[in-house]
Each structure stands twice: as C-alpha cells, then as structure tokens.
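Trainee: Start from chain A and add chain B according to the hints.
Number of protein chains: 2
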Amino acid sequence: MAGYNIASLARLVEQFERMPGIGHKSAQRLAFHVLAMSDAQAKQFAETILAAHDNIKQCERCCNLSEEALCPICKNDARDKSVICVVEDPRDVMAFERTHEFDGTYHVLHGVISPMNGVGPEDITIKELLARLSDGTVQEVIMATNPTVEGERGGRSDGDVYFAAFKADGHHGQPACLRCAGRRRSRVC
Amino acid sequence: MAGYNIASLARLVEQFERMPGIGHKSAQRLAFHVLAMSDAQAKQFAETILAAHDNIKQCERCCNLSEEALCPICKNDARDKSVICVVEDPRDVMAFERTHEFDGTYHVLHGVISPMNGVGPEDITIKELLARLSDGTVQEVIMATNPTVEGERGGRSDGDVYFAAFKADGHHGQPACLRCAGRRRSRVC
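Line by line, the protein sequences are chains A and B.
Each residue of the first sequence is one higher than the last, beginning at 930 in the working numbering.
Each residue of the second sequence is one higher than the last, beginning at 930 in the working numbering.
Isolated chain A, as found in the complex (with noise of 0.2 Å):
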C-alpha cells in the first residue's frame, strides 16, 4: 500500500493468516476486532492464549489434552479402563464423548501415520499407546481412526508397529489381537 503501512497492524494480520482457514480477507477481519477491543479485551485475549499454550499439556496416560497429569477421563473411575479408543485427534475425543455413548479410555494419537508427509510411527504416540497394552489391564483396543486414507492406513501401520514391538519385546507366542490386544490367533480376533 503506497504510503500506507501501519507495521503492527500488518504483523497482526500476518499472525493471523498462518491460522488453518484464515486467508488475507479473514485475517485483516481479525486484526480490526482486535483493534476494536477495549484495553481489557486486547489483555484478557492474549493472557488466554498464554494460559491455553502454558497450562495445557498432554495426558501422562492417553496423550489427550489436560491442564493436570492425568485426564479427567483417565482419573474418571466410572470410565472402564480395560478399552481404549485409539483416535487421531483430540477434537475427536470431544466428538465421541458428546455422544455420551462411550464409557472406556480413549488414546490420542496426535496424526497418523502418513510417509507421504514423511510422519512415521515414532512421530505419533503408539510408544505411549504400547506401554498402556503391556500391563494386562486393556481387553479390547477400538482403532477409530478416520475414514481416510491415511486414518485407515495408520490403522493398519499401527497394527503393524504394535505387532513388531510385541515380537521385539521378546514375546514369542502370538502377539495381541489388534482390537481386543488379548492373545488370539489371528491379527484381528
């Protein structure tokens, strides 16, 4: 803009517009309600988004979203330890318990896995996911990863590395069924 260039309001924007879905129109939008804010507005927003980022830390136990160690649904006692949901996303977390149908642990994997973009198995929590399989206490393990071709894929990969590291960890017999990750026969019981 010849002889118009406000730096604050174009680093603001800027900011803005690396936001997923917010394009230079969306971003400019932005910036101007923040503009428009009172001066307790403008600081109760950034005090927000450095309380969100600072507070919120993943769930010593299924890698979902927390602001303490565990979860409020892996402290949750009603909540049936012995299946875990294994989803892609916390968003997806959200999604299964607003059905209010689901009464067993979720795992969160935060991506899938998807050579394409060069994530591999170590890039996502199955570790975390493996170690929660090897005390005995999980019977059934529900893969709801997306319907996309990565999500069914890293279903799959995720057997896959679950099963190698069974074997590596030097069980011998069969390794855990994919989806009760009890001892049977075949991958998938």
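Careful, some of the hints might be misleading.
Heads up, the list lumps identical chains together, so a pair's fine if it works in one copy or across two of them.
[What the hints assert, rightly or not] Heads up, simulated DMTMM-like pairs for lysine to aspartate or glutamate below, C-alpha to C-alpha not over 20 Å straight-line: (1) 954 <-> 1021; (2) 986 <-> 1021; (3) 954 <-> 1017; (4) 1010 <-> 1026; (5) 1010 <-> 1052; (6) 954 <-> 1026; (7) 972 <-> 1064; (8) 1004 <-> 1026; (9) 986 <-> 968.
Since the hints were made in silico from the structure, they are not lab data.
Mentor: Just chain B now, with coordinates in the frame of chain A:
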C-alpha cells in the same frame, strides 16, 4: 462434554468465537492451532496482539489508523490536502490506496449513521470532519461511504449534520457545498 472439560481451552475457544465470522468449529480449530504453537510462537502471537492494540491509534487529522499522531498519508506533503475522501472504515482507505489512483487525503468516519442500530452522528467522526473543513484548505469532499442503505443514508445524514453545524457556528450565508466545501448556492455543487 461429560467428564471432559478443559477450562483454559474452553476459554480460548470462547475468545475466538467472539470474533466476526468465526463459528464454534472454526474457533476450536484456531484454538488447537494455538496449542500446537511452540512457546516462542505463542508468546509472539500474544505480544503482537498487545502491540497492535497499544500502538495503533487514530490519526489526529483524518481518524485513520496510525502508529503516530499523524498517519503516513496526512504527513505526506505530496498528497493533495484540498481533497478529502470520506470513508466508513480504515479498510476502505486500504482499498483506495491499492488503486494508486487517489492522491488526496481521507477522512475515516468509523461507521455510518444508523438510527436502527442506535448509531447517531455523535458516534462517528463527523465532528472531526467539520473541524477539518473549517480552516478553508479543503476544496472538495468526496462522500465515499458504501453503497448500502445505511451508507447512502449516512452520506445524506452527514451532509445534513454538516449543514446544521455550519449554521450553528454562526454562518448566516449559504453553507458549504457537500461535495466541494466551497460556499455555493446549493447543497451540492
């Protein structure tokens, strides 16, 4: 969400939901984007919000956004100070400036008169516009409010207010022309 409520995340989603054009799903997506930022990125985002909010004020002359007392356009000696283009919003200035065709100055009303929405002449920067017209520098006022019902009516109302103020100032002759601000016989020359 039964058994699943992360207060910091809920607050962040709520903040994004207040923004124009952002629904619940988009707000959630933006909030998750913030969580996925590195510490440095989140800090920078919060700082950019506060910096933009604190640094950007209204230009003392044209009420456009500016980081200094006078905006770059009002400070620019090459701009024709005898022409004022009256717009509703700072984004309109940006749009005009992108054309590289207008070498006059602007006046940003920060809204339009809209009795339906309780916005009267005193809520927008008509007083500041009148003050600019009083020193005799301005030869032409271009009403470039948007071609909406309110924009068109706003343009007319601005003219009415301008005329009323002109008379209230003790001018008993013909008021200035709405377009050229010169002392003409009709409202618009």
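Trainee: For every hint, state whether the structure bears it out.
Mentor: Verification of the hints:
1. Proximity of residue 954 to residue 1021 under the C-alpha cut-off of 20 Å is restricted to the inter-copy arrangement: shortest distance 13 Å between copies versus 30 Å within a copy.
2. When the C-alpha separation of residue 986 and residue 1021 is checked against a cutoff of 20 Å, the pair qualifies only within one copy, where the shortest distance is 17 Å, while the shortest distance between copies is 42 Å.
3. In this homomeric assembly, residue 954 and residue 1017 come within 20 Å of each other (Cα to Cα) only across copies, at 17 Å, whereas the closest approach inside a single copy is 31 Å.
4. In this assembly of identical chains, the alpha carbons of residue 1010 and residue 1026 lie at most 20 Å apart only when taken from the same copy (16 Å versus 62 Å across copies).
5. Taking identical chains as interchangeable, the C-alpha atoms of residue 1010 and residue 1052 are never at most 20 Å apart, the minima being 25 Å within one chain and 60 Å between chains.
6. With identical chains, the CA atoms of residue 954 and residue 1026 are at most 20 Å apart between copies only, with a shortest distance of 16 Å across copies and 35 Å within one.
7. Taking the closest pair of Cα atoms, residue 972 and residue 1064 never come within 20 Å of each other, the shortest separation being 47 Å inside a single copy and 40 Å across copies.
8. Taking the closest pair of Cα atoms, residue 1004 and residue 1026 come within 20 Å of each other only inside a single copy of the chain (15 Å); across copies the shortest separation is 58 Å, beyond that limit.
9. When the C-alpha separation of residue 986 and residue 968 is checked against a cutoff of 20 Å, the pair qualifies only between copies, where the shortest distance is 12 Å, while the shortest distance within a copy is 29 Å.
Hint compliance for this structure: hints 5, 7 are broken, all remaining hints hold.
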